[in-house]
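Each chain is listed here by its residues.
Number of protein chains: 4
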Amino acid sequence: MIIHMAPGASGEQTQRVIDRITRDYGLRCETIEGDTTVIGVKGIAGIIDEGRITELPGVDRVIRISVKYKDASRQFQPEDTVITLASGQKIGGDHLTVFGGPCAIESEQQALDSARMSKEAGVDVLRAFVDKSRTSPYDYRGLDIDRGLEIAAAMKAETGLPTVSELIDLRHLDAFLKAGIDILQIGARSAQYSPLLEELSRVQVPVVLKHGFGNDMTEWLCAAAYIMSGVDRAGRSTAHGNPNVILCYRGIKSFETETRFAADISMIPLVRQRSHLPLIADPSHSSGDRKLVERVAYGFVAAGANGIEFDIHSNPAEALCDGKQAVGRDAGRIVSHCRSIHGLLGEVGYETGGSKRVGVGAK
Amino acid sequence: MIIHMAPGASGEQTQRVIDRITRDYGLRCETIEGDTTVIGVKGIAGIIDEGRITELPGVDRVIRISVKYKDASRQFQPEDTVITLASGQKIGGDHLTVFGGPCAIESEQQALDSARMSKEAGVDVLRAFVDKSRTSPYDYRGLDIDRGLEIAAAMKAETGLPTVSELIDLRHLDAFLKAGIDILQIGARSAQYSPLLEELSRVQVPVVLKHGFGNDMTEWLCAAAYIMSGVDRAGRSTAHGNPNVILCYRGIKSFETETRFAADISMIPLVRQRSHLPLIADPSHSSGDRKLVERVAYGFVAAGANGIEFDIHSNPAEALCDGKQAVGRDAGRIVSHCRSIHGLLGEVGYETGGSKRVGVGAK
Amino acid sequence: MIIHMAPGASGEQTQRVIDRITRDYGLRCETIEGDTTVIGVKGIAGIIDEGRITELPGVDRVIRISVKYKDASRQFQPEDTVITLASGQKIGGDHLTVFGGPCAIESEQQALDSARMSKEAGVDVLRAFVDKSRTSPYDYRGLDIDRGLEIAAAMKAETGLPTVSELIDLRHLDAFLKAGIDILQIGARSAQYSPLLEELSRVQVPVVLKHGFGNDMTEWLCAAAYIMSGVDRAGRSTAHGNPNVILCYRGIKSFETETRFAADISMIPLVRQRSHLPLIADPSHSSGDRKLVERVAYGFVAAGANGIEFDIHSNPAEALCDGKQAVGRDAGRIVSHCRSIHGLLGEVGYETGGSKRVGVGAK
Amino acid sequence: MIIHMAPGASGEQTQRVIDRITRDYGLRCETIEGDTTVIGVKGIAGIIDEGRITELPGVDRVIRISVKYKDASRQFQPEDTVITLASGQKIGGDHLTVFGGPCAIESEQQALDSARMSKEAGVDVLRAFVDKSRTSPYDYRGLDIDRGLEIAAAMKAETGLPTVSELIDLRHLDAFLKAGIDILQIGARSAQYSPLLEELSRVQVPVVLKHGFGNDMTEWLCAAAYIMSGVDRAGRSTAHGNPNVILCYRGIKSFETETRFAADISMIPLVRQRSHLPLIADPSHSSGDRKLVERVAYGFVAAGANGIEFDIHSNPAEALCDGKQAVGRDAGRIVSHCRSIHGLLGEVGYETGGSKRVGVGAK
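Chains as they are written, first to last, in this note's numbering: chain V, 1 to 363; chain H, 1001 to 1363; chain U, 2001 to 2363; chain G, 3001 to 3363.
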């Protein structure tokens, strides 16, 4: 951490900054004196809350060098995290994983038809979404939870594929696990809801973590740190902590109104460089339009994503939720081309270290 | 609702759209035929989920006329909602309410000192924030909840002021109400977490509702509709519903990095026109800088806000959270000038109808 | 165009809207009467300035159906525009064109070294940038224009490649053409400067048109319409008009600070669907970081771009301008993988009609 | 300037950075060695192009301390710039200046009627806009320039008020000055077009400088530096330079679609603190809606703007351009309340130093 003192700051003010860092965090400082004073903090300063330094009199600005999201950072783990599912499938590193299936479970018939179509298309993990987070309380929010979980289990039985399902209400965690959901997903609207993140730090089930559409990269990786670290509200380490986090990029709000969200393609190689966690991307929710999904999927894979997650519906025109972005019979072609692009490029063009194997099925 | 069919859409496609609207929502349609076809839906179409129409073959676009957030809209209640607290204080309409106090409770001493300073400054409602939602799990998140609630009660006893406190974990609701918190606040990171909003629809305590920093006006007012409507996940009306919502504007993310958030001043008169709910604004969290807070507060009041909420700390330089934006001894001047501006302008410059009295203390 | 009248609008107000459309634009209208009134305008309403209808009393909103940028739209030309350079090279349709070279000409040595490196890497069109538009007047803005143009000519002579160069000052147009520049480029900061766009409508030289980092798709394609249409300020068609426009996507401003601009990958298939013009993309200026450029380039090509333009510098560490994003010896690998991805995918996944041949060398 | 070297950077890499700064800019450096190395540059480093340091091997990041826009900065001129017009009116410091009039000159009748209405409303400077920069070439762009300038002169003669008019085409500069325009305005679409800014650095006429809707504060103040500094493209100081710049804030693009632009109220006190230049704000173009303009104007003045500029039209419903945001008969009330708010608050709440008198009429 570097602290720049304002022009005219006094020696006492500089000393007070140094004293706080030494007293509260046990770190040493050194200074450069010129027209203004620069304080350099020695040692890993990741734990300093810069807001507490910024407010001191005479401070112009505080420049953070160590990242805030250390659990998710390559600074502290150079090799890729590779997660192994109970089924033996691996996510992350040089594996490409395709998540697909209906946006929401609407009925047993629709769910099973869409599941079969997804299996035929070649997906690796099946979307089995029971609960939907919607902007308006009047929009479709899913079937009754218990009934939805029954159907999710039937989708898994029918296809033999592992399932992913969004957990919204933290009080449903046990029911989701009991119903055999293999991977839990955190959606955009829950992406910074800390009580939910903390619940997930106490289990070992893999979590697909989306960012909110108003979140930047640091906020996203800090949400991952909530799940991974298991620190309690007093900042103390606990026995908990869930390392099985899969990041899912889904675009952010921007002023462009022709696309639903701005899916910044630079984020794919950037997040792969900054974090060791597996990174997938969602071409359906980012573009919001079936006519764009296919090419956006190819873009994500070519840019280096470890996988994609997209909506497949047996009958998009009758979907109760987000039918506009669901893919029907083209799903197989999309999966197949994604695998070809991944095969063509491999890991060319950036270094990501080796792989560290973790996960529920890991020995 | 207006539906525009794409060039070349067939008569069958047009008929299918009309059939769905008639069958699923019981509404009548009429068409204009030109180069393309326009379908007009007759009657209040607010309940239609436009996503379900957009996806039908041949549809170019769906234009929503009725708002999605009907509970919060002036279309359905022209007069201002005025909320009366148990203390008899009124919020909304032509009242100006100042919420102030420390960003977070850090210790009994700091809390009581800041509470006294806030009372002297002339605030109407005291911030007594026990739980803090933070980006990083390593940042200060508040004292133990029970201890924090004790101190909040002491702040109220010491000053005689009603208190506002953020509710993050929905499992704490009873404890907050038992501890005598007068107004609950929903923060930016919980602003679209529907299980929490639904819990608040089952009580009658007033709720200050912030929007997320990635939310637009419609998303914000839809969150209000979750609290106000009490509809269940199947879309059925229930006996519940909490009309006592106070909107709090706090700025959105933008590309400008010199201010913490972009606090769009146009939103103040706009939201007052679109919604009958009381609207306050937060100059501390939007600007993020004590040197800006004062003038931003004046801007909000002059633009027509029903109040402001800002951070007051007895010793900003020692604050554990957001000290950079807290005001100290200048708080009294700010409150006093806000009241002068409000007195000067009154309700000039836009029509808001009369007032409808609701609230916990209302007869 | 569809006009929705506000609740309570009078019959006279509706009639006034219809009269204005009939009188000023010669178009017929029809209405649907329900709780509110909907007016449908028959015939192509692309020329109506909706601002002039919106302001009429009783109007709630105006919904534009015809696009504003008709010259650039596939609504009016379904087949791809393919531009043929004097050298015979084709841009657009199913061709992939790689533009590359130094960000700016700094010296004869640097320019020729970078040109040779770019040629070896396999680029099709050579960047020969004489004038630089910079945020600050104190930043490097290029050599003297005449000297720069001499070097640009030498780069072309040395490599035999056609050259592209940014035209900033409209008074330099003749000099650029006389110096043999093959393609002119409009940069982000000039992207809506209409006098410059109008100058380019009077010549037939191909133009690479970037959008401003604050522009949405409609503003960008309207800028193309300025060049293509040649309409004068009174809105009259003239004998002029330059159809040889190549769109270049370069990302927009967003709240994410870790990438320089947000390069929304959905824009690639979207713009290809909406416009018949060739579309390239710039991975260097969008990402702003050499470590991201390669994978971003692959993402753009996989998403369907007709080409890329990127910075290649013989010695990035000594570059006077944007060295951080320039690629050195890796350029050849990037070009080669882009061609492989393009070969693998072809035009799969979206329909773009056939091709219309235009261009300076076209018969 | 502070340079942070990446972990693992070698001593040679650090030395190369220091050598470049010493060699190219003649400034001295000092270092702090810890886990990583921090280099502090001594002396005013405002002239360093940080892009040229960032690209050097081993550099992690460069932190700029001195602002890039030194001509416009309070770091280099603590006291307010106050501009005196030929008429003796003063702009900046503790003066409040109201600019008003029609968005565009459409006809002699409309222009003179609107001018009289503006005069009666109490404006200080009259908008007389001859040339309009429009998104689409098919929108209304103003009368023939010569005819427009004649009418602008008639508006001035009729009211006795000084006039402000937007200069778009740099080749019109002489004609505008000859026609007696008192203040030139730079619009959003020309805000970073350097050839135009450089032309304005060679005259002494006051310039109202808007920022582009995609520009941040630094880009805006750098555009002011182009006009004020008069440095040539080789970075050399010249005899030119125009200090008479009036900043005009007009909001930026954001994801909120209900307001035209996001007018961040925090920017008003922020820009007043960072720059000594007079700062006005435009409530018409930022909000885009007549129903919002009045309250937004009050917000800007209460936040500390030195004035406002807004659209007044004698008959908004017949306006050819932006009629939706023009104010009619309410203009007088708006002007009067703005003056009351300014009188109430004065310069309370932030320090801006004293005033430095410059301007065309200044001795």
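Please note: incorrect hints may appear among the correct ones.
[Stated by the list, open to error] Computed cross-link-like contacts, DSSO-like style, restricted to lysine-lysine with a CA-CA straight-line distance of at most 27 angstroms:
1. H:1291 x G:3070
2. H:1119 x H:1178
3. V:70 x U:2291
4. U:2119 x U:2042
5. U:2070 x V:291
6. G:3291 x G:3042
7. U:2042 x H:1042
8. G:3291 x H:1070
9. H:1178 x H:1156
10. G:3042 x V:42
[Said to hold, decoys possible] Partial pick of chain V residues on the chain U-facing surface, computed with a CB cut under 8 angstroms:
11. 54
12. 256
13. 259
14. 266
15. 273
16. 291
17. 302
[Said to hold, decoys possible] Computed beta-carbon distance windows for the label pairs:
18. U:2328 x G:3019: 19 to 25 angstroms
19. H:1232 x V:236: 48 to 54 angstroms
20. G:3078 x U:2204: 38 to 44 angstroms
21. U:2160 x V:88: 26 to 32 angstroms
22. H:1241 x G:3078: 44 to 50 angstroms
23. H:1010 x U:2204: 54 to 60 angstroms
24. V:113 x H:1010: 23 to 29 angstroms
25. U:2064 x V:239: 55 to 61 angstroms
26. V:113 x H:1063: 30 to 36 angstroms
27. G:3013 x U:2258: 55 to 61 angstroms
Rather than coming from a laboratory, the hints here were simulated on the basis of the structure. Built from N, CA and C at the ideal position, the CB exists for glycine as well.
Review point. If you take the shortest Cβ to Cβ gap from residue 54 of chain V to chain U, is it below 8 angstroms?
Key: For residue 54 of chain V, the interface hint is violated, since the closest Cβ of chain U sits about 17 angstroms away, which is over 8 angstroms.
**Study point:** Assessment of proposed distance window 23 to 29 angstroms (beta carbons of residue 113 of chain V, residue 1010 of chain H)
**Key:** holds, 26 angstroms
**Study point:** Pair hint residue 70 of chain V and residue 2291 of chain U, alpha-carbon separation not exceeding 27 angstroms
**Key:** holds, 21 angstroms
**Study point:** Proposed proximity, residue 1156 of chain H with residue 1178 of chain H (alpha carbon, max 27 angstroms)
**Key:** Distance ~14 angstroms between residue 1178 of chain H and residue 1156 of chain H Cα, so the pair holds.
Exercise for review: May I ask you to test the hint 26 to 32 angstroms on the CB atoms belonging to residue 2160 of chain U and residue 88 of chain V?
Suggested key: Violated, at about 56 angstroms.
Check your understanding: Was the hint right that residue 266 of chain V lines chain U, CB cutoff 8 angstroms?
Key -> holds, 4 angstroms
Check your understanding: Does the Cβ-Cβ separation between residue 1010 of chain H and residue 2204 of chain U fall within 54 to 60 angstroms?
Key -> violated, 42 angstroms
**Study point:** Restraint outcome when residue 291 of chain V is required to lie within 8 angstroms of chain U by C-beta distance
**Key:** holds, 7 angstroms
Review point. Hint check: is the beta carbon of residue 256 of chain V less than 8 angstroms from a beta carbon of chain U?
Key: At 5 angstroms from the nearest chain U Cβ, residue 256 of chain V passes the 8 angstroms test, so the hint holds.
Check your understanding: Quick one: are residue 2064 of chain U and residue 239 of chain V within 55 to 61 angstroms, going by C-beta?
Key -> holds, 60 angstroms
Review point. Range hint 19 to 25 angstroms: satisfied by the CB atoms of residue 2328 of chain U and residue 3019 of chain G?
Key: holds, 21 angstroms
Review point. Should the interface hint for residue 259 of chain V be scored as holding, given a Cβ-Cβ cut-off of 8 angstroms against chain U?
Key: holds, 4 angstroms
Violation of the numbered hints given earlier is confined to hints 4, 6, 11, 19, 20, 21, 22, 23, 27; the remaining hints are satisfied by the structure.
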